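Protein chains: 2
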Amino acid sequence: MTKKFQVVGIGNAMVDVLAQTSDAFLADNGVEKGIMQLIDMARGVELYGKVGPATEMSGGSAANTIAGMAHLGGRTAYVGKVKDDQLGAIFAHDLRAQGAVYETPLASKDAKAETGRCIVLVTPDGERSMNTYLGVTEHLSPDDIDTNQVADAEWIFLEGYRFDGPESHEAFAKAITACKGTGGRVSITLSDPFCISRHREAFATMLRDDVDLLFANRSEIEAMYKDENSFDAALETAAAQVDIVACTEGEHGCHILTQGNRWHIPAIPTNVVDATGAGDLFAGAFLWGMAEGFDMETCGRMGNIAASEIISHLGARAQTDLKKLFLKHKITL
Amino acid sequence: MTKKFQVVGIGNAMVDVLAQTSDAFLADNGVEKGIMQLIDMARGVELYGKVGPATEMSGGSAANTIAGMAHLGGRTAYVGKVKDDQLGAIFAHDLRAQGAVYETPLASKDAKAETGRCIVLVTPDGERSMNTYLGVTEHLSPDDIDTNQVADAEWIFLEGYRFDGPESHEAFAKAITACKGTGGRVSITLSDPFCISRHREAFATMLRDDVDLLFANRSEIEAMYKDENSFDAALETAAAQVDIVACTEGEHGCHILTQGNRWHIPAIPTNVVDATGAGDLFAGAFLWGMAEGFDMETCGRMGNIAASEIISHLGARAQTDLKKLFLKHKITL
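Protein sequence lines, in the order shown, are assigned to chains Y and R. Take the first sequence: its position 230, counting from 1, is numbered 230 in my numbering, and each next residue is one higher. Take the second sequence: its position 261, counting from 1, is numbered 261 in my numbering, and each next residue is one higher.
Rather than coming from a laboratory, the hints here were simulated on the basis of the structure. Treat the hints with care, since some could be wrong.
Unchecked claim - Covered stretches of chain Y (chain R as the covering partner; in silico rule of three or more C-beta atoms under 8 Å from a C-beta of chain R):
(1) 54 to 60
(2) 80 to 87
To be verified - With a cut-off of at most 25 Å between alpha-carbon atoms, the simulated BS3-like pairs for lysine-lysine come out as follows:
(3) R:4 / R:174
(4) R:112 / Y:109
(5) Y:50 / Y:33
(6) Y:50 / R:4
(7) R:323 / Y:50
Note that the structure is a prediction, hence the values are computed from the model and not measured. Ideal Cβ positions, reconstructed from N, Cα and C, are used throughout, including at glycine.
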């Protein structure tokens, strides 16, 4: 029996405010390079007042993944909270316009917080340093989970960043129960090494009990399995815990481990303009490939190709037809 | 005596919502190609609901010109109305971050209308078709003109589009009087052929009585001087009326006419991605060149170079160092 959705993603709904900047600017303003740091509105106003002209585009890690799935024609939905304000309207529009279902109740106009946004500072090396004001997206709660929707999904995809909200742990638990209850499976992205250090226990429990597919990059795998003495050992330990491990390693491509098999798939050489969304789109293409029944190695190749498209321009949503790129790389669709 | 500002621009303050689309989409949705059409909020919601994922960037014709001036290091200010809302904050940030002074009082949060925005539909040929919801920017009034500011400007730059508001005519008159009172000069852009047909008399009167420098493209010059039987005759008639005519002609470059002299300056061959802002940045670079004392031909070349930068990417604000481009084209700064 075919489920309505191939993947339902749950995460922080954000609009990205992307600005090119220098390494000196990061240092002068106390921005830690290459990671996601949470900021409050006051810090956001201060930092925004200092950055140059910017470009606004919808973002949010899991939302980027779901937008990538939808771009590929996947049957997909997203859960994440925005407010009934202008940035919220932009976020909702862009996801629906891409073909994803998005029905999470809006936070009301009266809410004190606003739609979340992320000041993404892009340095000349293409690295992105994220400064996230969560706003209303912090308050994603079990009430926002439509159990019928997640029960009708082959996979749910959970964003590690959303572990930053206690109510969202409960929302995740509710979604996992509903999805697994109908034979669905659970995927998760670890999101960020600092996010892991904030929520190590919760991640560990979920990896042990619930997760079928783990997305992470090298530094996240190493942070999560920090007692292992090598990247390789960390990968193997992860693979012993979950059914599938899909681990990206930047310019070195990705590693896929499942059921005793292991592939290392080289990256597509690319001029990096902006790394924002690379991991998100890797996951989007990988999930789409799996949902469409491609073999693991092909899924990994699709992930690499999608990531290479995203890092070639500013912003975390695809600007080129990804299916055409797959064909160009001799993947038979 | 040096004035504080080289140029103060007055126009419609807008945030652009840029989306790639097909010619069929324009036809199916009644969007007239290549021009600016005014829409109300209901039409905006309808159209936005149909376009694909978009990118938001600050726009507004005169604001793009002033941002270009500021990018080049010019002393410049802008007058145009936004609301105290999220899009208004984006508009104000981007202009100030570029180095322009922007102090127009905000429309209050209680205003029914919102900050203006323009749904810019970009077709594969790079042409842009603009759908403008004016919002609060329609209500620019004489009260918004700081006479001390415009009196302290060498030039004011008036956006033809703002002739769409009766109170703004009075605002323009107030600005002209204050600027001319201290020896300042008046430049204007005709903006759009349909804008000319809406306000032919007002444009004609201002060209006769007040304007020193006229910016237009070929179709605007032809529309304004429609009784002439050739483009050339229209140019000459315009040049008899105002001190300087700077007329762009797309891939054919620009024509500069002043005091009996005339130059045709070829365009820089460019792959057109998005024509949005080409004329605006031409004007920004031309005005900067004049303010810095460059000869007319060099000002025209600077305008062409700036226009070629803008059309090579999505959005109407410079993404490359324009001074470096001038140097690359062997202009001595």
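Which of the numbered hints above does this structure break? When the structure is compared with the hints, none of them turns out to be violated.
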